[in-house]
Every structure is written in structure tokens, then in C-alpha cells.
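**Student:** Starting from two chains that each stand alone, build the complex the way the hints lay out.
Protein sequences, first through last, are from chains D and V.
Position 65 of the first sequence, counting from 1, maps to 65 under the numbering used here, and the rest follow consecutively.
Position 143 of the second sequence, counting from 1, maps to 143 under the numbering used here, and the rest follow consecutively.
No lab work stands behind these hints: they were computed from the structure.
Some hints could be false.
[As the list claims (entries may be wrong)] As a list, the in silico EDC-like pairs of lysine to aspartate or glutamate whose alpha-carbon atoms are at most 16 angstroms apart:
id	chain 1	residue 1	chain 2	residue 2
1	V	LYS313	V	GLU138
2	D	LYS160	V	GLU138
3	V	LYS111	D	GLU340
Note that the coordinates shown come from a computational prediction; the quantities given were computed from them, not determined experimentally.
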Amino acid sequence: MSLNVESLVESPLTAPRPLRLIDDTGRAAPPDDAAGFVLPDPATLLSLYRRMVVARRFDVQVTALTRQGRLATYPSALGQEACEIAAVAALDTGDWLFPTYRDSIALLTRGVPPEQILASFRGDWHSGYDQNAHRIAAQATPLATQALHAVGLATASKLKRDSTVALTLLGDGATSEGDAHEAFNFAAVWQAPVVFVVQNNQFAISVPLDKQMRCRTIADKAIGYGMPGYFVDGNDVAAMYAVTSAAVENARAGHGPTLIEGLTYRMEAHTNSDDPSRYRDAGDLEIWRRRDPITRLDTYLGEVGALSDAERADIRAEAEDLATDTRECMTRSAPVDPLELFDHVYATPRAALMEQRAFLAAELAEHAAASASSTSSTAEAGGTR
Amino acid sequence: MTLHDTTVTRAPVTLTMAAALNAAIQDAMRDDPTVVLFGEDVGPLGGVFRVTDGLYAEFGESRVSDSPLAESGIVGTAIGMAMYGLRPVVEMQFDAFSYPAFEQIVSHVAKMRNRTRGRVQLPLVIRIPYAGDIGGVEHHSDSSEAYWAATPGLTVVSPSNPADAYSMLREAINSDDPVIFLEPKSRYWSKAELSLPVRTAPMNTAVVLREGTDVTLIAYGPTVKTALATAELAVAEGLSVEVIDLRSLSPFDDETVGASVRKTSRAAVLHEAAQFGGYGAEVAARLTERNFFHLAAPILRITGFDIPYPSPKLEEYFLPSPDRILAALGTWEWN
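Same shape as in the complex, but just chain V (with noise of 0.2 angstroms):
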């Protein structure tokens, strides 16, 4: 195998947000010793997405490595060996699954540098395969970003393209800080052409993907490419769709999304999760508390229904469409 030299630009390849992300592991342990991965199932098999893919083979046994079926044991360890100088990212599998970590990325996790007075810091990563859009069975769908964007001490960010989701892993993995890494499940087969090592903006911004002049549409991991379908098919009504991509969700990037809300003067949240408690509320409101009387009618959450995540035949209702954005849209008074 030739190793590539992981500082010099490659030529330009198509990858998928899948392999962008192998990409962007593989790397990020080429280019430093600490790194090491594991998780269920993160070994030969290459992960259920394949995001590990040819890891194992690579890096061996001591850097990749197949863990117990157990997520709190997961992150509960991973937390050991980031206090002795390793950067650990591990992969929860599933968004569903990683509730039986929760009591050690809350409690433990976000709070370590602030237990120990900033002594004691923690670069790990969380890899989470997130949201839903996959005909998948129960458990297999959720969005559960607003239990971590509501912790205070972990960043919380999602891509939402190849591009992104190799630059924002690097930076992920190189923060000193621990990361919740979402990764929307439904674009891992999205791709794009990349020269890699690519970098797009800093992890904890957003970007404005599509500018227009009438409303904003703040989206993030799986409903930016909702969000961009909505904005082309807006053209038509008429309609001059500004669309944002969030990217982080802690930090949120008040300046970012402000001016473009106070540009346009009208704004909605997209998010699958449900609405009631939803990361858009907190959108929302700070964005109204701050820019009110910039704003000509009150901001919109187009979310999914507040129920548990549908079985396959029925998500296609649950999820936020073009179409329901739009109708949404229509709601405001527009004069």
C-alpha cells in the first residue's frame, strides 16, 4: 500500500459522505499516533455504514478495535483514554443507541474540564449515525441532537456533505474538546468530488449554501438537501429562498444566521425531530429575542410530528417535504 502524503492535495475523487468520512479517520491516524477508533462493530466488518472501512486492516488491532456491545462501556472508556493522552472516536451505531451512554456523555463527558477546574480535558469523538429517511425499523431513525445541543460543555455539529463531512471530522478529532459528531444517515450515499485533504469553513459556523432575498431556511444534517430542493422549487411561486446550513448546533452562529434573518426579515427551522422541546424552539426564540423587530412575521419550526419516529411505510409522512415547507411558507401574510 502507498501511503499518501495527508498534508498535500490530492487529485480530485468522488466520494460518498461515507467514504469522505473514512477518509477523514483514516488521516486523521495516519497523521497522528493518538488517534484511536473503536466501537461496535468498527473492525473488519468496517462499520454497518462502512464508514470504518479497511481501518482494521490498516491500523491493526491496538488502533481499531471491535469493543463490547455496550455503549456506556464505550464512551465510559473512551473518557479513561482521552485522560491518558489518547484521542479516542468511537461510533454509537445507531442514534437510538446511544442512550445507554447518556449517563456518561452527560455527566462525565461534558462536564470533566469543568469538574476539574479545566485540568482535565477530554478530545474525544462520538460518531453518531443520525435521523431517519433509511426505511429503517424502529430505533433506527431518531434524531436525538437537542439532548446533546441542550448540554452545556459538548459541541454538537452535523455535515450535511462530503466536503463538510470530511473537514468537520479532521476538525473534530483535532478539538480539545469532545465532539458530537451527527451523521445524517440518509446522505452517507450523497457524493461529491473532493481533493482531499479538503477544508471547508470552521466546524462551528454556518454557511449560507444558497442566498436569496424573501426567507430563510436554517437547516441542518439530513434536511439541508430538503432545504435546497424547497429553495429551487420556490423559484418558481416567485420566491427568493435563502438557504443555511447550521452545520454546528453548539455553538450556535448567532451572527451567521442573524444577518441573513435580518436580511430576508422571514425564517424557518427544519429539523426531522419532533417539534415540542425541538432544537428549532431554541432557534427560534433566540433569533426572535435578538432580530424582533427585524422580522416581518414569526419564525416557523417545519418539523417532524411530535410521535415516535414512524415504521418505513409511514415516515414519508412524517418528515419535512418540499411541499409542506412551502404550504408552511404560505401560511405568513405576505404583503
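In isolation and in its complexed conformation, chain D is listed as follows (with noise of 0.2 angstroms):
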């Protein structure tokens, strides 16, 4: 007897509809497709719009700055709004983020400076908030490697009987990592108070989700590891929320982790050296245009009378005004000291270390006196002349 999958499965791998609470064209969606959530109320949607209104402009200006060259690189999450603001959004300001390097709109929502997040991606510091303050770890570049921190930092919580929970974001193509099964899997054995959310905007790069797994959904892995598993529509924020903030109370209340998968798209290039057009079809964009999750909240909201057209132009100046800023930040020089290459390694300093510190610090002087005497002599050739 032959054995495949589709003996196994009842429905071979077609992928169930997404849990939704607003529809692509922006009207409540039917009962059947809520799963039993509840749409937020509209005071919490606009406050959601908002957020990624703003949050997109972040982006959008981002994006741009870096084909000016005034960025070293930037992964967009242009079409993430929803997954990115209602992660944020379902946190308490004592919760942890733990993102990864596309999810700079999740920090801004949290509260980070738009200089503070561009640190790293013009090469000021590897990370360039207070990770602290902000209850925000450095974002991670290493695939799935930050899951297990967040783990780990909400099976520290559960220690010390803390209401503290981690919400730690990751990528479709992240979770073929060994990380993210361990994480899952170390989740779910000591019920950490952890919430899992991917987004699941189709590829890694250029390669697609069918290429990284044979299973219908990401969502579905979760009963592997014993725990809750949500396949959300990632571009309705209402869903996205009300799932994110069902998980995260229910992490707090002590019943454990979630793996929540939001299906979104990834309307921009990787970063600025990335082609798409080399392994994705135009028309899907278009597809993907109609599903856009700020027009669908911006219908519905109209529709409902919770967004006049005054609101919509405030909600654009507060949204213009943060691009101005981050414009401005880009002119501020942000000087780097290279002998700071040293301080931050060990908390001790070490002898050894301390040796090449003073080499490179004799190096600038070197350096600096050799560039003084140049300029001095070619003021004094200059004078000659």
C-alpha cells in the first residue's frame, strides 16, 4: 500500500479561509469567518487606522530615503500595517517585543524615534534604542534566533510571577528555522506567556511558502506543539487584533503560548537589492492592492461613521509631519566615535583590548595631525600663490 499525504489529510492541502471580521471590500465579514471573535469597537479601529496610516508614510518615506542612498539598506513592510500595529497595539507598555529587522514600523508604534530606528539601518550602531525603556529587543537579524528569547523572557516572567508577556514577531520563511520549532516547542512544554505571531507575507526573499512547507497552513503546526494556532487574514487589523489580544490576555492569565499566522503580502522589493520581478508575478501585486488593509479599514470605518473626511486630513498631517521629521533626522549628523568600537564588548575591560584601543586611538592622532599639517600647508601654498 502506498502512503501519501493526501490519504492523510482530509482536505489536502488547501488552505482554509483566513478568520476575518472585515472583508477585502471593507464590510463585517459573515459570522462563519469570525470564529467567534468580536469586531473591536470603532474608537479602537481608529485608533488602529491611525497607527498604520502613520506607520505607512514611516515606511513609505524609509523606502525612499534609501533609494536616495542615505540608507544603507531597509526592509519595507509596505502591506504588513495590520499584522505589525495590531501586534504592537494588543501589548501593556510592561510586555516585550521582540522583532526582527522588517518590523521597524512595530518599534515606531512602540514609541522609538525615527532616529533611533535608523541608526542601524545608516550604520550608526548595530541598534540604536534603548532596548530597555522601550521593552523592545535589538531587532534580529538571524532568522527565528529572537523566538527563543522571547521564550526565554516570558518563562523568566512566569518565574518570577510576573504579569510580563512576550510577543515576538517573525517571517513565513523563519519558521523552516530549527529556532522556531525549538521555540514552539519550548513554548508550549513550560507554557511560557508568549504569543507567536507570523506574518505570513508569502515569501522568503524571492522564494515562495510552498518551497519552505508541505503543510496547509503555518497556523496548523501549532497542534504539533500543543498549543493554539490562528490563520487570520494579516491585512484586517480588527482580526489581527482581536486574535493578538486574545493570545496576549490569555498568555497573562497563565494558559500559555499562541501561534497566530497572519496572511499578508510583501508589496515591496525584500530591501532596495532585491528584484521582485524576477520571481513574482505583477498581477498578484494588483490582487494583493485590493486586499490593502488601511483602504478596507477606511471603507468600513467611513461606512460606519467613525472617519469624517476632517479626521482623515489630521490623521495625514500627523503622518506628513512624522515623514518631515524623519527627513530632518537624516540631515542631523550623528557623529561615531570609533573608539566606542571598544566599550561595549566585555563589562570589564581587558588588557589585550585596551592595547588595540590605544593603537587605533594613536592611529587618529596620527591621522588627525597628518590631515592638520596638509591643510596647513596647502593654506601656506595657497598664500604663496
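**Tutor:** In C-alpha cells:
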């Protein structure tokens, strides 16, 4: 007898409909799609809307700055605002966020100033904000590694009988990493107060999800770990917020971890050095543009009378102010001190490292002296003409 | 159970290195409620080498726990715990089983202070039973110190005797930097009479274990015993051998070792790990750079061969022995 996956799964490899509260056209989704979750009230939705609009303006602005060569790189989250903003909105100020390089708008939404977010992308330092003050770990570049840190922090919170919850953002590609498996498993075994939000934007740089996995959804994997999993319309901020908030409160109440998959689409390239035309169909982009998270909520809020043109203008103005601030912060020079290279390697300075520091200091002094003398000799040369 | 005061010196007892390590963790956990311990089989079993024996019974599940069998997960979650104010002590069970945690150690444990510009520190200890000479089957006898020592941000130490095992582990647990704590498996059953809480030289320093005038043998972890045995044999050959126990591989104690080499003018470094790209290469290079005009002969590396660690019946041919060391010293021109 031959064994195949199809014989084991009732609905072979066909993804179910994602959980949603507001559909693509901006109307309340049918109860079957809501799976018992309730639409957040209009004031909450308006707040989410405002934060998505502001975040998108920031993202677009930073992508533009990167194209101008002002930043080394910027991984955009254009189109993923619902996942990002819902994740942050679901957290209390005491909770911890463990983001990746793509989640800069989550940092922004949690209150990190643009200049500090961009410090890493313009090359000032690896991470430019105060992780402890914002309760946001340094953005992780190695995939899925930060998920284990989130599980560890959440476990420490549980051991100390605190109410702190950790939430980590992951991408679809990262779920192939061993650390994602270990994080899901440790979290479930230890019943850690942690929430995994996987933004399934369908591409790991160029590789589509069907080359990452053979199962229907990422959320299905939760079953194997013994934790709840939700497959959610990642462009419906109402659904993402309702499900993520429930997961956070569930974790806080001592009921362990949750895996949430937000089905979305990366509207931009992976980074500015990527060329999506080599691997993506332009038609897909058009389909996903029609599912835009902001447009959809705009329609909904407009129809229920919770968003006026005056409010739209007000939000747009806030977004433009932020874009202006973001451009301006790039014009401010952020001098880097080469000698700081040695400051944050060990708690206690090491003799051998201090020798290397002294070596660099001497080299810098020599360069400074050489450049001062060449400037003065240029001035002298100019004087003789 | 009567709890001893961990700050008062107790009556001397004979302890193995494994028991001294156990006492160090126990005392650290009694002194500091933020110290937690987890890893594979460290709970009710007390670890495969019994280093954590009895700790689960004393401190309970909340502070001593068996983790899922996944080394990256152990180190990765320890990072998150350290970020939240705990001081995790984790065990890798065997040297070669630490490799699944390589990324977490190299990309996060070592770099976190630097990535966060000094804002996030990781006070955690990764205990790794390491090296061979115990008749272990494959993947149970690796000397992986060069990987860790080559990584900026890590402190890498290895005790060679029970007193150092206790003292250095206490210091490692108290350190605000992450420490790779390499425990030489073949020395777990070595014994010493100790008055706990014994304190030896600071963790980041080398010590001269035996003074000599003709040659300096630089050893650490399992090869310290070999070096001492060699020095004893050398007496019959009229050779006065100084033995240095490095104790700390990163940082390297240039001062102590350099002074010894300048005194004897000859040095050899010993380790079980393969020679090529091994830790001994760094020792020989930096001692030569700094002390060239004091040297009478090239610094030798007397190490394992450049092969994967052999099976039990063959390991005696692989490990540097006193005879092999003396023969190597005989290759120098002595005049």
C-alpha cells in the first residue's frame, strides 16, 4: 500500500479561509469567518487606523531615503501594517516585543523615535534605541533566533510570577528554521506567556511558501506543539488585533503560548537591493493591492460613520509631520566615535583590548596630525600664489 | 536539611571536581535567588556526570529544570531569561552537543552587549563538559575551545582541579558577562581536600603551578595533569620545568605567561584539540610577537593530531603524553 499525504489529510493541502472580521471590501465579515471573535469598537479601530496610516507614511519615506542612498538598507513592511500595528497594540507597556529587521514600523508604533530606528540602517550602530526603556529587543537579523529569546524572557516572567508577556514577530521563511521549532516546543512545554505572530508575506526573499513547507497553513503547526493556532487574514487589522489581544491576555492569565499566522503580502521588494520582478507575478501585486489593510478599514470606518474627512486630513497631517521629522533626522549628523568600538564588548575592560584601543587612538591622532599639516601646507601653498 | 552559611568557611572535606562544581552551583543558588539552572537531565537525575546532583530536590522545579532536548533552545531561552534579570546556568551535556547552539552563542550571547551598545548584558554561564580521555564513543570527546575563544564577547575558562572548579564557577555565575565554562571530563573524578567556599586566583588569570627554570609548559583543563606529570619525569633528565595552568583562555593572561617565558626562554603549549588553527597557535603567536628576543627556541605546540577525535581504543595514541612531550622538548637544540 502506498502512503501519501493526501490520504492522511481530509482536505488535502488546501488552505482554509482565514479568520477575518472585516472583508476585502471593507464590510463586516460573515460570522463563519469571525470564528467567535468580535469586531473591536470603532474607537479602537480608529486608533489602529491612525497608527497604520502613520506607519505606512514612515515606511514609504524610509524606502525613498534608501533609494536616495541615504540608508544602507531598509526592509520594508509595506502592506503588512495590520500585522505589525495589531501586534504592538495588543501589548501592555510592560510587555516585551521581539522584532526582526522587517518590523521597524512596530518599533515606531511602540514609540521609538525615527532617528533611533534608523541608526542601524544608516550604519551608526547595530541597534539604536534603548531596548530596556522601550521593552523591545534589538531587531534580529538571524532568522527565528529571537523567538527563543522571547520564550526565555516570558519564562523568566512566569518564574518571577510577573504578568509580563513576550510577543515575537516572525516571517514565513523563518518557520523553516530549527530555532522556530525549538521556540514553539519550549514555549508549549513550559507554558510560557509568549505569543508568536508569524507574518506570512508569502516570500522569503524570492522563495515562495510552497517551497518552505508542505502543510496547509503555518498555524496548523501549532497543533503539533500542543498550543492554539490561528490562521488570520493578516490584512484585516480588526481580526489581527482581536486574535492577538486574546492571545496576549490568555498568556497573561497563565494559559501559555499561541501561534498566530497573519496571511499578508510583502508589497515592496525584500530590500532595496532585491528585484521582485525576477520571481513574482505583477498580477499578484494588483490582487493584494485590492486587499490593502488601510483602504479596507478606511471604507469600513467611513461606512459606520467613525471616520470623517476632517479626521482623515488630521491623520494625514500627523503622518506628513512624521515624514518631515524622518527626513530632517537624516540631515542631522550623528558622529560615531571609533574608540567606542571597544566600549561594549565586556563588562570589565580587558588589557589586550585596551592595547588595541590605544593602537587605534594613536592611529587616529596620527591621521589627524597628518591632515592638519596637509591643510596648513595647502593654506601656505595657497598663500604663495 | 541544615543549610550552611555560604559565606562562612566550612571544615575541610575531600571532594571530586564534579562535587566541587555541584557545591559551587548550590552555594550560588543559595546566595542569589536569581540563579536558575536548566538543561538536559540536570533535574532529578542530577546530570549525566552528577554535577547537578541534589539541586532539583533542594531548589525545586522553578529553579532547576529538565529542558527539552535542544541545545539552541537551551541557550536561546537562557538569553531571554538573562534579559529579564535571571542568572541562568545551563549545561550542554557534552562538548560536541553544543554545536546546535553555535548560532545562539556566537550571534547573540557573544554580541548582545555590543549590539545594544552596552544596554543589555547577559549574565549567563554555559557549562560544557569537554575533551576526551574517558573512553567515550564518538561525539563525546571534542575539544571545542578554539571556536569559543575566537569569538569576541565570550569569556572562556577551564578549571583543572576541584578548588578552581568551585572558585571559578562561583566567579563565572557572578560575572555580568557570559562565560563558556569548559569542564574537563577526565578530571571530574579528581579529588582534593577543600574548605568551602574556597577562593583561588581570579578566574581571568593564569597561575604558575610548578616553578622551573628551563622550559615553560602551558596547559589548561585536561592537559594540566599531563604537564605536571611531565615536569616530574623531567627531573630525572635534569630538566627544570615550569608549569602554567592558563585557567582562562579568553582573556589570555599575557602578563603571567609572558613573564614565565621570558624567564625560561623556552615554551611549549599543550592541548588535546587538533593543532591546525587550534588555541595553541594563538598562544605561540602572541608569545612570540611579544617576547621574541627572549626566546631561545621556537614555541612548540604539542597537541592532538589533525584528525577527528578517535575511538576509545585509539585515543591513547592521540592524546599528548608525558613521553611525547619530553620527546618534543628534546627536538630543541639545547646548549
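**Student:** Which of the listed hints are broken here?
**Tutor:** 2
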